[in-house]
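All chains should be modelled from the sequences, with the hints used to inform the complete structure.
Chains W and A are the protein sequences, given in the same order. For what it's worth, our numbering labels the leading residue of the first sequence as 5, then goes sequentially. For what it's worth, our numbering labels the leading residue of the second sequence as 5, then goes sequentially.
Worth flagging that the hints you see were computed from the coordinates, not collected in a lab. Positions of the beta carbon are idealized from the N, C-alpha and C atoms, including for glycine. Treat the hints with care, since some could be wrong.
[Unchecked claim] To give an idea of the interface, some chain W residues facing chain A are shown, with a C-beta separation under 7 Å as derived from the structure:
1. VAL142
2. THR240
3. GLY250
4. THR275
5. VAL276
6. VAL281
7. ASN287
8. ASP298
[What the hints assert, rightly or not] Stretch by stretch, here's where chain A covers chain W in the computed footprint (C-beta under 8 Å, at least three residues):
9. 94-105
10. 258-266
11. 394-400
12. 414-422
[As the list claims (entries may be wrong)] Label pairs and their in silico Cβ distance ranges:
13. ARG38(W) / ILE167(A): 25 to 33 Å
14. SER339(A) / ALA280(W): 29 to 37 Å
15. ALA315(A) / LYS262(W): 18 to 26 Å
16. ALA319(W) / ALA159(A): 50 to 58 Å
17. ALA176(A) / GLN405(W): 53 to 61 Å
18. ARG38(W) / PRO326(A): 23 to 31 Å
19. THR243(W) / GLU228(A): 19 to 27 Å
20. ALA29(A) / THR243(W): 26 to 34 Å
21. ALA319(W) / ALA176(A): 35 to 43 Å
22. ALA280(W) / GLY327(A): 43 to 51 Å
Number of protein chains: 2
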Amino acid sequence: MTDSLITIDGDRLWRSLMELAEIGAYDDARTGLRGVNRLALTDADAEGRRLVLGWFRQAGMSVRIDPMGNLIARRDGTDPGAAPVMTGSHLDSVATAGAFDGCLGVLGGLEVVRTLTERGISTRRPIEVVVFTEEEGVRFGTDMLGSAVAAGRIAIKDAHDLIDRDGLSVGAELRRTGFAGDGPARFDPPHAYVECHIEQGPVLAEAGLTVGVVTGVQAISWQEITISGRAAHAGTTPTELRADAGLAAAQIIVALRKMVDSGSYGQLRATVGHLAVHPDLTNIVPARAQLTVDLRNPDDEQMARAEADLAGYLAGLEGSQPGLGLSTRRMARTSHVPFDHGIQKAIATAADDHGLAHLSLLSGAGHDAQEMAAICPTAMIFVRGEYDGISHNPREYSTPQACARGIDVLATTLVRLAGE
Amino acid sequence: MTDSLITIDGDRLWRSLMELAEIGAYDDARTGLRGVNRLALTDADAEGRRLVLGWFRQAGMSVRIDPMGNLIARRDGTDPGAAPVMTGSHLDSVATAGAFDGCLGVLGGLEVVRTLTERGISTRRPIEVVVFTEEEGVRFGTDMLGSAVAAGRIAIKDAHDLIDRDGLSVGAELRRTGFAGDGPARFDPPHAYVECHIEQGPVLAEAGLTVGVVTGVQAISWQEITISGRAAHAGTTPTELRADAGLAAAQIIVALRKMVDSGSYGQLRATVGHLAVHPDLTNIVPARAQLTVDLRNPDDEQMARAEADLAGYLAGLEGSQPGLGLSTRRMARTSHVPFDHGIQKAIATAADDHGLAHLSLLSGAGHDAQEMAAICPTAMIFVRGEYDGISHNPREYSTPQACARGIDVLATTLVRLAGE
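Structure, rendered in structure tokens:
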């Protein structure tokens, strides 16, 4: 097996990462760093996609664009009928991102192909590198959107109809940016899917390791809560006559943190990332408030209990101020997704053969791999992040060495899965 | 004294109120009612001012526009050298307003002049009706701005330099709307100032009364709190490593309500009307939050203690999450303003003479009268509001009868103060 050990060109990989990071770059006032803002299907995202699409073609790959705008770049194998081994990730980012989230997986896949081609290494199965559309879900409200359509969980029409805060639809933005492709929206099941991604957490750094084998993705629950109260004058309306939507929103946020701190829900994480009040004026009691609740839990049962207890809390809160109304809308819900043991083993063996100590860990974030797991054997490689693994932040950073070692493991795993 | 009893034309007053309310009107989705949105120095506010300015001139009044954009409409008296008796209020509104707040005081003053002129009643002192600029303070952040400049508390240059959220300045918006006047920015002290305003509270309705004599204005404290945390991924960042600015904002809101409910600060009212987080995305821990705190208290000592205890709470909160930073900016601060006993007595006597039972009460809201109180004997008349006196809301409503009775009392008070 050690014959097929592949060592990629870490400098070339790093240069590609840094060149891509210039697209959508901005000067982040808070950190003093250069950040990345490439929300899905914006002009910046389209520019990034065109750059990478050109690189795929320069590497001799054929590229298909599907109706969801997913880019599928293919390096043929020696057996024309064999199902491909697939890798990839996404190029879209949150509004305050770094250079690595998603991009490492895509450019890592590209680097594997560049390395194989310059060394004249052929494989029996094709190797495909995929760029999934709107993985982050921050623009159109549903994360892993492109891979969910490819894996058949979400219908292409429903995906096209999703709109952003300005009312622009996925379908219209795909057409506007030139990425409304054709052919089937669902993938033929590949032989396997292996994705390399930065950890976005502190586990590998704390353990002093560079790479990890991902055993699965924790359960994720997103909901939007809308609260209606009554606008009233701040100076004259007695406290007991108020229906203060902003206060209710604040109480939910504080209650969520208490749930986390109680330890009663295992490794529950809770985040309120979106919060807005209306009319949003100093001397008016908020008539409306809207917030999102992002819950994560590695345990499906604990997650279900946390959701039920939150729903119970909301019902009680509704009665706490006369005139208060609450409604919730489910935005996303995925259960714990366990990854394939065989693929995990292949990754672990490749890491061993490269002389890299590693550990197995669960992913805290959602990834396209969890969608692909529904249609083929799937697992992921995590690469260590610095600064407690901070991500979705311009401080996000993985060293050139860590990135190269992660893609070494990816390359060796892909080549072995693709066969001679 | 009953000789000088003046009864105004309530129908004409009502028609003027309703006509003005069409300017800046909008259909309020929440209440199903017609609301008013005339933020200071917007196009709608300018249109409202031009309408009322025309009415002043039709009533035979001369109109001066001062450098702050305050409109001063004058009906001459028989003694050219006598200081005027002044009344008035404001025409600007909050974004979700009704038809009465401020407008009743301005159009009531106009109605008094119309009535005096059609009855051929002259007074020794001039009667002036003033429209103050930006009373609400919601656009440029400082309430009672026009009257504060007229009374000398705020320098005209500082007022002109205030900017709204889009960076537009008071000075530029005065010029754009055609209301950058000339002459002195500070008023020569009038003989007296009497303002009629809706109560914006439930006291008169609960007592079954139509009018009240206002004894003063409670202390008001506005501050803006900015919280800096750290953007981080919702799924991967351990709770103990987070610096969640949104959570801190929520904790402040909940703590303020606890302070109010404790009863330890007398009749403290606390409102967080403005609340925003950044980057405001579902799966990112907020890196920044901003909120405003509006405190009211009829007692200066209790108010000072509430402010000090809030500051202590904020200092403690800053240490509760590593990496959290808090800063505060004072937006407005006024002490309890007691009104002149002689003017209160004149109002009470006029109400008695009109056969109107009344009570004395403190104002919960700030009013231009509290600024004028610094330069001349001042007091206010309150008119009952329906629906618990709800205000800053399209449901704000006072009956035609209540408005007419309040302006009867104003007319009689003004004429007696102006003398024969």
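Status of the hints after comparison with the structure:
This hint holds: VAL142(W) has a C-beta 5 Å from the nearest C-beta of chain A, less than the 7 Å allowed. A distance limit of 7 Å between C-beta atoms decides the matter here; for THR240(W) the minimum to chain A is near 4 Å, and the interface restraint holds. Taking 7 Å as the C-beta contact cut-off toward chain A, the hint placing GLY250(W) at the interface holds, the least distance being around 6 Å. A distance limit of 7 Å between C-beta atoms decides the matter here; for THR275(W) the minimum to chain A is near 4 Å, and the interface restraint holds.
Hint on VAL276(W) holds. Least Cβ distance to chain A is approximately 6 Å, under the 7 Å limit. Hint on VAL281(W) holds. Least Cβ distance to chain A is approximately 5 Å, under the 7 Å limit. Contact between ASN287(W) and chain A, as hinted, is supported at the beta carbon level, the nearest pair being about 5 Å apart and thus within 7 Å. Interface restraint check: ASP298(W) against chain A, minimum CB-CB distance 4 Å, threshold 7 Å, status holds.
Against chain A, the region 94-105 of chain W contributes 3 residues with a C-beta closer than 8 Å to a partner C-beta. That satisfies the three-residue criterion, and the hint holds. Proximity of the region 258-266 of chain W to chain A, defined as three or more residues with a beta carbon under 8 Å from a beta carbon of that chain, is established by the 4 residues found. Three residues within the 8 Å Cβ limit are the bar, and the region 394-400 of chain W against chain A gives 4, so the coverage statement holds. Figure legend: the region 414-422 of chain W, annotated as covered by chain A; annotation inconsistent (0 residues with Cβ-Cβ distances under 8 Å, at least 3 required).
Take ARG38(W) and ILE167(A): their Cβ atoms lie about 29 Å apart, and the range 25 to 33 Å holds. For SER339(A) and ALA280(W), the Cβ-Cβ distance of about 34 Å falls inside the hinted range of 29 to 37 Å, so the restraint holds. A beta carbon spacing of about 25 Å between ALA315(A) and LYS262(W) agrees with the range 18 to 26 Å that was offered as a hint. For the pair ALA319(W) and ALA159(A), the beta carbons lie near 53 Å from each other, so the given range of 50 to 58 Å is met.
A hinted range of 53 to 61 Å holds for the C-beta pair ALA176(A) and GLN405(W), which are about 55 Å apart. Separation of ARG38(W) from PRO326(A) is about 25 Å and conforms to the stated range, judged on CB atoms against 23 to 31 Å. Roughly 22 Å separates the CB atoms of THR243(W) and GLU228(A), a value that falls within the hinted 19 to 27 Å. Our hint of 26 to 34 Å for ALA29(A) and THR243(W) holds, since their Cβ atoms are close to 31 Å apart.
With their beta carbons about 50 Å apart, ALA319(W) and ALA176(A) fall outside the hinted range of 35 to 43 Å. In this structure the hint that ALA280(W) and GLY327(A) lie 43 to 51 Å apart at CB is violated, the actual value being about 24 Å.
Taken one by one, the earlier hints fail for this structure at numbers 12, 21, 22, listed in ascending order.
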